[in-house]
Every structure is written in structure tokens, then in C-alpha cells.
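Protein chains: 2
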Amino acid sequence: MGKEITSREQDYSQWYNDLIIKGNLADYSAVRGCMVIKPYGFALWENMRDVLDKMFKDTGHQNAYFPLFVPKSLFEAEEKNAEGFAKECAVVTHYRLKADPDNKGKLMVDPEAKLEEELVVRPTSEAIIWNTYKGWIQSYRDLPLLINQWANVVRWEMRTRLFLRTAEFLWQEGHTAHATAEEAVEETRRMLDIYADFAENWMAMPVIKGVKSPNERFAGAEDTYCIEALMQDGKALQAGTSHFLGQNFAKAFDVKFSDKNNKLDYVWATSWGVSTRLIGGLVMAHSDDDGLILPPKIAPIQVVIVPIYKGEEQKAQIGSVVSSILAKLKMLGISVKYDDSDNQRPGWKFAEYEMKGVPVRIAVGARDLENNVVEVARRDTKEKTTVSIEGLDIYVANLLNAIQTQMFNKAKAFRDEHITPANTWEEFVHILDTKAGFVSAHWDGTAETEDRIKELAKATIRCIPLDNPQEEGACIFTGNKSTQRVLFARAY
Amino acid sequence: MGKEITSREQDYSQWYNDLIIKGNLADYSAVRGCMVIKPYGFALWENMRDVLDKMFKDTGHQNAYFPLFVPKSLFEAEEKNAEGFAKECAVVTHYRLKADPDNKGKLMVDPEAKLEEELVVRPTSEAIIWNTYKGWIQSYRDLPLLINQWANVVRWEMRTRLFLRTAEFLWQEGHTAHATAEEAVEETRRMLDIYADFAENWMAMPVIKGVKSPNERFAGAEDTYCIEALMQDGKALQAGTSHFLGQNFAKAFDVKFSDKNNKLDYVWATSWGVSTRLIGGLVMAHSDDDGLILPPKIAPIQVVIVPIYKGEEQKAQIGSVVSSILAKLKMLGISVKYDDSDNQRPGWKFAEYEMKGVPVRIAVGARDLENNVVEVARRDTKEKTTVSIEGLDIYVANLLNAIQTQMFNKAKAFRDEHITPANTWEEFVHILDTKAGFVSAHWDGTAETEDRIKELAKATIRCIPLDNPQEEGACIFTGNKSTQRVLFARAY
Numbered sequence: 001m002g003k004e005i006t007s008r009e010q011d012y013s014q015w016y017n018d019l020i021i022k023g024n025l026a027d028y029s030a031v032r033g034c035m036v037i038k039p040y041g042f043a044l045w046e047n048m049r050d051v052l053d054k055m056f057k058d059t060g061h062q063n064a065y066f067p068l069f070v071p072k073s074l075f076e077a078e079e080k081n082a083e084g085f086a087k088e089c090a091v092v093t094h095y096r097l098k099a100d101p102d103n104k105g106k107l108m109v110d111p112e113a114k115l116e117e118e119l120v121v122r123p124t125s126e127a128i129i130w131n132t133y134k135g136w137i138q139s140y141r142d143l144p145l146l147i148n149q150w151a152n153v154v155r156w157e158m159r160t161r162l163f164l165r166t167a168e169f170l171w172q173e174g175h176t177a178h179a180t181a182e183e184a185v186e187e188t189r190r191m192l193d194i195y196a197d198f199a200e201n202w203m204a205m206p207v208i209k210g211v212k213s214p215n216e217r218f219a220g221a222e223d224t225y226c227i228e229a230l231m232q233d234g235k236a237l238q239a240g241t242s243h244f245l246g247q248n249f250a251k252a253f254d255v256k257f258s259d260k261n262n263k264l265d266y267v268w269a270t271s272w273g274v275s276t277r278l279i280g281g282l283v284m285a286h287s288d289d290d291g292l293i294l295p296p297k298i299a300p301i302q303v304v305i306v307p308i309y310k311g312e313e314q315k316a317q318i319g320s321v322v323s324s325i326l327a328k329l330k331m332l333g334i335s336v337k338y339d340d341s342d343n344q345r346p347g348w349k350f351a352e353y354e355m356k357g358v359p360v361r362i363a364v365g366a367r368d369l370e371n372n373v374v375e376v377a378r379r380d381t382k383e384k385t386t387v388s389i390e391g392l393d394i395y396v397a398n399l400l401n402a403i404q405t406q407m408f409n410k411a412k413a414f415r416d417e418h419i420t421p422a423n424t425w426e427e428f429v430h431i432l433d434t435k436a437g438f439v440s441a442h443w444d445g446t447a448e449t450e451d452r453i454k455e456l457a458k459a460t461i462r463c464i465p466l467d468n469p470q471e472e473g474a475c476i477f478t479g480n481k482s483t484q485r486v487l488f489a490r491a492y
Numbered sequence: 001m002g003k004e005i006t007s008r009e010q011d012y013s014q015w016y017n018d019l020i021i022k023g024n025l026a027d028y029s030a031v032r033g034c035m036v037i038k039p040y041g042f043a044l045w046e047n048m049r050d051v052l053d054k055m056f057k058d059t060g061h062q063n064a065y066f067p068l069f070v071p072k073s074l075f076e077a078e079e080k081n082a083e084g085f086a087k088e089c090a091v092v093t094h095y096r097l098k099a100d101p102d103n104k105g106k107l108m109v110d111p112e113a114k115l116e117e118e119l120v121v122r123p124t125s126e127a128i129i130w131n132t133y134k135g136w137i138q139s140y141r142d143l144p145l146l147i148n149q150w151a152n153v154v155r156w157e158m159r160t161r162l163f164l165r166t167a168e169f170l171w172q173e174g175h176t177a178h179a180t181a182e183e184a185v186e187e188t189r190r191m192l193d194i195y196a197d198f199a200e201n202w203m204a205m206p207v208i209k210g211v212k213s214p215n216e217r218f219a220g221a222e223d224t225y226c227i228e229a230l231m232q233d234g235k236a237l238q239a240g241t242s243h244f245l246g247q248n249f250a251k252a253f254d255v256k257f258s259d260k261n262n263k264l265d266y267v268w269a270t271s272w273g274v275s276t277r278l279i280g281g282l283v284m285a286h287s288d289d290d291g292l293i294l295p296p297k298i299a300p301i302q303v304v305i306v307p308i309y310k311g312e313e314q315k316a317q318i319g320s321v322v323s324s325i326l327a328k329l330k331m332l333g334i335s336v337k338y339d340d341s342d343n344q345r346p347g348w349k350f351a352e353y354e355m356k357g358v359p360v361r362i363a364v365g366a367r368d369l370e371n372n373v374v375e376v377a378r379r380d381t382k383e384k385t386t387v388s389i390e391g392l393d394i395y396v397a398n399l400l401n402a403i404q405t406q407m408f409n410k411a412k413a414f415r416d417e418h419i420t421p422a423n424t425w426e427e428f429v430h431i432l433d434t435k436a437g438f439v440s441a442h443w444d445g446t447a448e449t450e451d452r453i454k455e456l457a458k459a460t461i462r463c464i465p466l467d468n469p470q471e472e473g474a475c476i477f478t479g480n481k482s483t484q485r486v487l488f489a490r491a492y
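Residue numbers (the numbering used here), protein chains in the order written: chain A, 1 to 492; chain B, 1 to 492.
In case anyone wonders, no lab produced these hints; they're calculated from the structure.
In silico lysine-lysine, PhoX-like type, Cα no more than 20 Å apart, as pairs:
1. A/K384 <-> A/K337
2. A/K410 <-> A/K297
3. B/K80 <-> A/K98
4. B/K54 <-> A/K54
5. A/K106 <-> B/K87
6. B/K114 <-> A/K114
7. A/K114 <-> B/K87
8. B/K412 <-> B/K209
9. B/K87 <-> A/K98
10. A/K80 <-> A/K251
11. B/K98 <-> A/K87
12. B/K330 <-> A/K54
13. B/K104 <-> A/K87
14. A/K315 <-> A/K337
15. B/K235 <-> B/K454
16. A/K337 <-> B/K57
17. B/K80 <-> A/K104
18. B/K98 <-> A/K80
Bear in mind the structure is a predicted one, so any value in this text is a computation, not a measurement.
Take the sequences, apply the hints, and build the full model.
Okay, structure coming up:
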């Protein structure tokens, strides 16, 4: 029956890899740290991308495309940003290969085709984009400039995990320019809200909106906002970030605008991004030991119909009933697949679509047809119900909505149960070692304390939640004065 | 009045650059040979991509994503392909930068972070994809494998032109695997038909379908099919290619399948692609000395409405009438922009949207409203008509269709007038030097003759048209026996 998956209890990390590989989302590649996104995984990404893209456009953003390569001299212009990414840069140094005289049929880098200036493969595009904005922005009339790019980026990571951390990944990066700091902060928060809306209402993955501590800020940002999700093993996952960049990049690239009074000033900036990493979060937030569980609103296949028959005559009978069911479901905008292939038996197909996380399965047997019913199974709870063919389309549409809601509620209940206050260091470490999840604790606000906690407990400050209640207390580690609790966790 | 454009007669090449830059399609970048695709240009590309993507999916293809990098040892596996692209390869040799000890604030490539094996930035993805297919294909049940990828690729070109020839460009590349040569050839032809359909019925750009001569074949292909378009200066443009790859890549990467009788054989392959180059072709096929002329079916903005008013009261009156026009046009699926900005006068706006090639412009003046009419101008012919507001939506919808048809007919008439038979070498050269366009001439079928003709007349064989009539004749250059005419042209 189907493919073997390691259970979560046995080996959570292997369970995750099994789901990605056996669920046909992605595959390893011949390139260190890079993955192949398989058609099923890519269809999922396309659904996510299309929803986000519409949200961006509905808020006035336009897509554009900037070069893959960043000349080293531009890359190093914003020093903090450059310093932050320097260790992870793939660098192009040559532009030609030639036949290797010592190895017939082999090629070698042509030493005569060395670039005068090395090109960095973009790990993020602030540098190349702000260098371009310099030519696009002169006056307040050119602002705000609201641009997004869907692109591949490369960060040379030493330890990689499919989707979660790969050397190359796909993402979107928004880069906006504004006349005032207030407008830029407003934009930063607007995009954070869009990410949270997407995570919760489409991915059914609850998130906490917050601000990063200075240690965890994006290199070159004044403030980094984030959404943090919780995985089933109690580890946190940063699911999206939105940065207020101040005037750092405008100064590095000399981008000024004249205001209505002809006064010149540097432009204010934001950048924000989510990536294929979200797919890793989606998988770990919902799935079980039988495979993926995908939320209906972004599942590539929402409903699969499997016929159960003996012989061609039964198959034809079922097929004719199913064709009208298919038409009705499609009328409601439901994406449905009829799998009547003869290669595999129904039981194998059941396991296969469970593995792939298809939210609803409809089994149609010859005997069912006599009673004008089918069997409807939902993937998340595995409940099976006998449903009349009449009105089946409406039943399924409602069921998809119910699954979407239930998946969110379940993940939210788990997340809420896993925000635990700690008031002593012992308690703090004990929670991390046993229950895991977010630990809400006082922190004295210094980078040194944060570093020491990370070193000793392997936990980082995931965020300072927005609208965090202010409360006097003592730092969990130093005992120094603190004005608020922050959320710690071990994280991906 | 608006921005200056060089006329075609004055300098065709500068006219093209002016349209791209001043029409806001793209911009130069700081990276040699790479361009920035601006929002207006990218919206055009998105429309083209979405139409093509649907055509691919409707014919059973799925999207996936493969790594940007190709390890050198994989890249060189299919020798002809490797040899064909070796001279244009950007090569990653290092994976880290570090602070330059001799230059404060500057970075340098870290010599200790040299890759053991260099990575080629994909110029095309056959190698990395066929290396992956090896793991995906075992049996005839895994075939056909019909996959497409939307991606960026890099080919280090010495002479670049915006859109037409850039070091990095965006494209789609289909890579399919089949059990038989016949099926693979059928797929190659099917995708060629899709490209021709798209070029003619969406881009309004007539194309000739044909086969390349061996000299012009894709490196590693058994046969290259192509669509060839004609630009207004009489030069040809290869607009898309579809390759029958035989078993070359299957052999290079050892991809075998077992057929129904358990017999092992190598898989048959195709690949096919179109790129952002199409935008260059689109611009040159239709535009005039006042700017771009975009076909309605892919134009980012199909209709622009410009109010003509004095004072806020008139503006409000016009605004209220326009809002109902907007609603009706949107109901018909027409993409429409209302430009009521106060920054510029109507005359400036007229010139701006002419420059941008918006197919239909509607001017609404206060006096017009008294008569319940508006002025409708079409971009392609510049005709203006006074049209009643009642029924305006249907009028505009029909007009958009008429423009689409007229643009195709005009381009086709031009193209057909520019296929000229030549029967002597003098005639051949004379046509190329004066009238230009395609020259239909006999060729003896040898690569040597083709090379010599290219050298002497700067013309290449664009294609041997499909279903080419067979006719005895003498080669235009050598006088040797020939069985058919082929199409020569100078080309982009």
C-alpha cells in the first residue's frame, strides 16, 4: 500500500523529507544545496504566488524585473547589507569555457575570459534596484514607487533542507520608495498585514506579527517586521519579513528627490519578501504520518474522484455519472481530478492522494450508484461520509470551506497551547527542552544577553509582538530590569 | 509635446531603442548586457506569458523548476550542446566574499572559497533537466513526460540590444520525453504550431513555419523547427524554436525506459522555447514614428480615457460620466485606465499614450457631454471618430477586435510583399541591398555554400518552409542542382 513514510515520533526531520520527496513536491538535484521543484510542488507554488500577486497589485504594486547579477562595487555600496550577505555569495568570475587541451571532450574555464569586475549572483536585490531607482526618481511626483519582483536568488548555505533552506530559492521581493519615513513605515506594516492575511486565510497557518530584535534584523534595515509560525515539533519558522530601510540605501546610492518646495532629501525605503520556504512551513504545520495535508484554498487538486469497478462496463457506467459530477464541481470553480487509470488499484490510489494531501476524496463504486450515493472522505480528519449525488457539488464546496477553517483552528489551538510564560531561567530551559514552542519571557533588551541565551539555550528572540503589553519584570537571564516579555523559541 | 523619438528613416536602430526606453518597456542596467524590465514592459510580458502558459497547460504540460546552476561535468556531457554554448557561459567559481584587507569598506573574492567544480549559469537547461529525468523515468508508464519551466537564462553575448539580445533574458523552455521518435517529432511540431498561433493571433505578427538548415540548428538537436517573422526594416527575426533532440540527451545522461515488452531503450526528447526577445519583435513589427503600437489582445492597457476640462466642477461632471463608462468596459473584460491626473495637460497625455501604444484612446470633454458623445481615437491608424456614449462599450469592444485584425493584416501584407524570388546571384544581392525581406532562392543543400553566402551577402537561411513546394533548379551561388527554394534574409 503506497510509499513508506517515517513517523513524526520516530524521526521528525526524516518525516519532513519523506513528505517532500514522496509527496512529489521536490527532488534533490546534482547541484549542492539546490533542489528541483517538481510539477506538483510547483503547482502549489503557482497557487500561492497568484494569490500574493493579486494582493500586491490590489495595493498598487507593479511587477518588474532586475538583473540576476550585481557588480561587486554596487554590492558593497551599502556596507551593512554587504557585510551581512558577503559570506553567502556565489560569484561569477569568468564568462567563457573552452576545450580543455589535456582532457579530450572536456571543458575548462578560459583564463583569458576573466571579468574585470566580479559579479555577485543576487542574494537579495536592494543594491541593483536602488542603483536603478537613482535614475527613476527625481521629484515627489515619482513617489511612491511601488515595485515587486518574482525571482530566483542564491545564498550559499552550508546546511540545506528542501524548501526550508536551499542555496537557490524562488521568492518575491518588494522594493518601495517614499517621500516620508511615516509613509515607508506604513508600507512596511501594510505588507506585513498582507503576509499575515495570506498565511492565516490561505495557508491556514496562524502567525504572530512582530518586530525583530536588533540582532535578528535584516542587514541594512532600521527595523525588521516578521510573521512567525509554529511547526508541529514546537520549533518556530520565520515565514515572511518586511523591512523599514530608512534612508540607508538612498544614501548609499545617492537617491534624492525634490519635494513640493523644491527641497532635496533622500528617499525612504522598504523591502519585503516571502519565498518557497513557505512551502516547508505549510508542510510542517499541517501534515500527518500518512502524508501531506494541504489547505483547500491553495491545494493544486482540491478533489480527487476514484472509481471502484470491475470490468469495462462498470467503468463506463461510473464514468458517465462522474462526468456530470465533474462538470458541476468545475462550475463552482473547484479543481478536481478524475483518476480512472487502470495502472493501479483503488487502495493504492487512496494512499497516493492521502500522501499528496488532496483535501477531499470521492470514491464511486458500482453498488453506490444503485443507491445514488458516493463516499466522501476528508483528508484532514479522515472522516468518511456517504453523500447523495444530488447536491454533491454544494456539499463538497461547503466541505472544502469547513476543512480550511478546521485546519486553521487546529493549528491555532496547537500554537496557542504552545505559548508558555517562563519566569526563571530553569523554567525557560525546561520548557524549551520538553514542551517547546514559544516561550514568553522578560529580556533586558541587550544584544549581549540575547547572544548568551542563544548560545546556552539554542533559542532566539523570534519577535517582539506588535501591541505587546508593557509589564515590569526581570530579565530571565540577567535579572536586570525589563519592560516587556518577548517571544523566544528554537527555530528553523 | 511629449518625448522625442528618432524616425525610422533617420536611424532605424535608434528608433527602436527610443521606443523601448521612452515607451517605458525597459532600461539599461549597471550590468554589462543586462536590462531592467520596467513595470509597463513587464505587464506586457505577463500578458504574453499567461496566454502561452495556458496554451501549454491545455496541451498537457506542467510547470516545474530546475536549478540555475549546472555543474561543469554535467554541462559537458552532451558534447555538441556544450560546444555550442561554451563560449557564452557565465561561470561561478567562488561562493564567498570577504573584507578586503587593503581597501577599507570594500570586499574581495575569498580565495579560500573556491568551488571544487565550477558551476555554469544555465544558458539553457537540457543538461540539468536530463540529469534529473534519469531518476524520473524507468518505464513507458512514466512517458510522455511533458514539462515546461519559466526561468532566467544567461548567454554572454558580445553585442547586446534591449530585448533582442541580452546577456540575461527571461524565457520558457519546454523539455519533454517520449517513448518513440514519432511522438517526439509530433510534440516538436505541436509546440511550433502553438508558437505560430500565439505570434499570429495574439501578437498580430505573421510568421513562417519552417525547419532550420543544419548550420543553424540548435546545438545538440537532430532538427530545429522555427517561426520566422519580418521586421519593418526588412530584416528577419527568429521568434521561437522547437527542437527534436532525438536520443542525444538520453544517451549523454543514460536515460532509458522499459517498454511494454520490458525491452530497454533510450528515451526520445524535444525542447522548445520563446523568450523576452518576442517583445523586441513585437515592437519592430508594428510601431511607428510616434511610438509603440501594441495589439489589443496583449496590451497592458487596452483603453485610456483622458478628460478635457477646466476647473474642478467640469472635472467632477466628466468623472461621474466616466465612472459608468469604466464599469461597462470592465464588465466586458476590457482593461481600461482613467487618467485624470492634474500633473499634465491633455495634449501631453495624448502623446504619452501614443508613445506607449495604447490601442484606443477616449477623450471626454465638457462640450461633448452636452451632446452625449466622446471622441474615440485608434492608435494604429490614428483615425478619430465621434461616438455616442450609449453603446460605447460595444463599440470599443468591436474596435479592439478590428484593430487586432487590421494590425495582423497590415503586417502580413508587408511580409507577403517582402518574399521575393531571386534566380541569379546578382538579383539575390540586389534584393537584399535594396528591398530586403525574405529572398526565396535555390540552394544546393551544402553547409559550405551556406557559409559562403553568409560571408558574402550577410544573409542566412532563415528556414526551409514546412510543406515547401519541390521544384528543380540551380543553386543561386554554385549553380549546382537544387530541389527546392529556401528563404534567405539578413536577420536579427
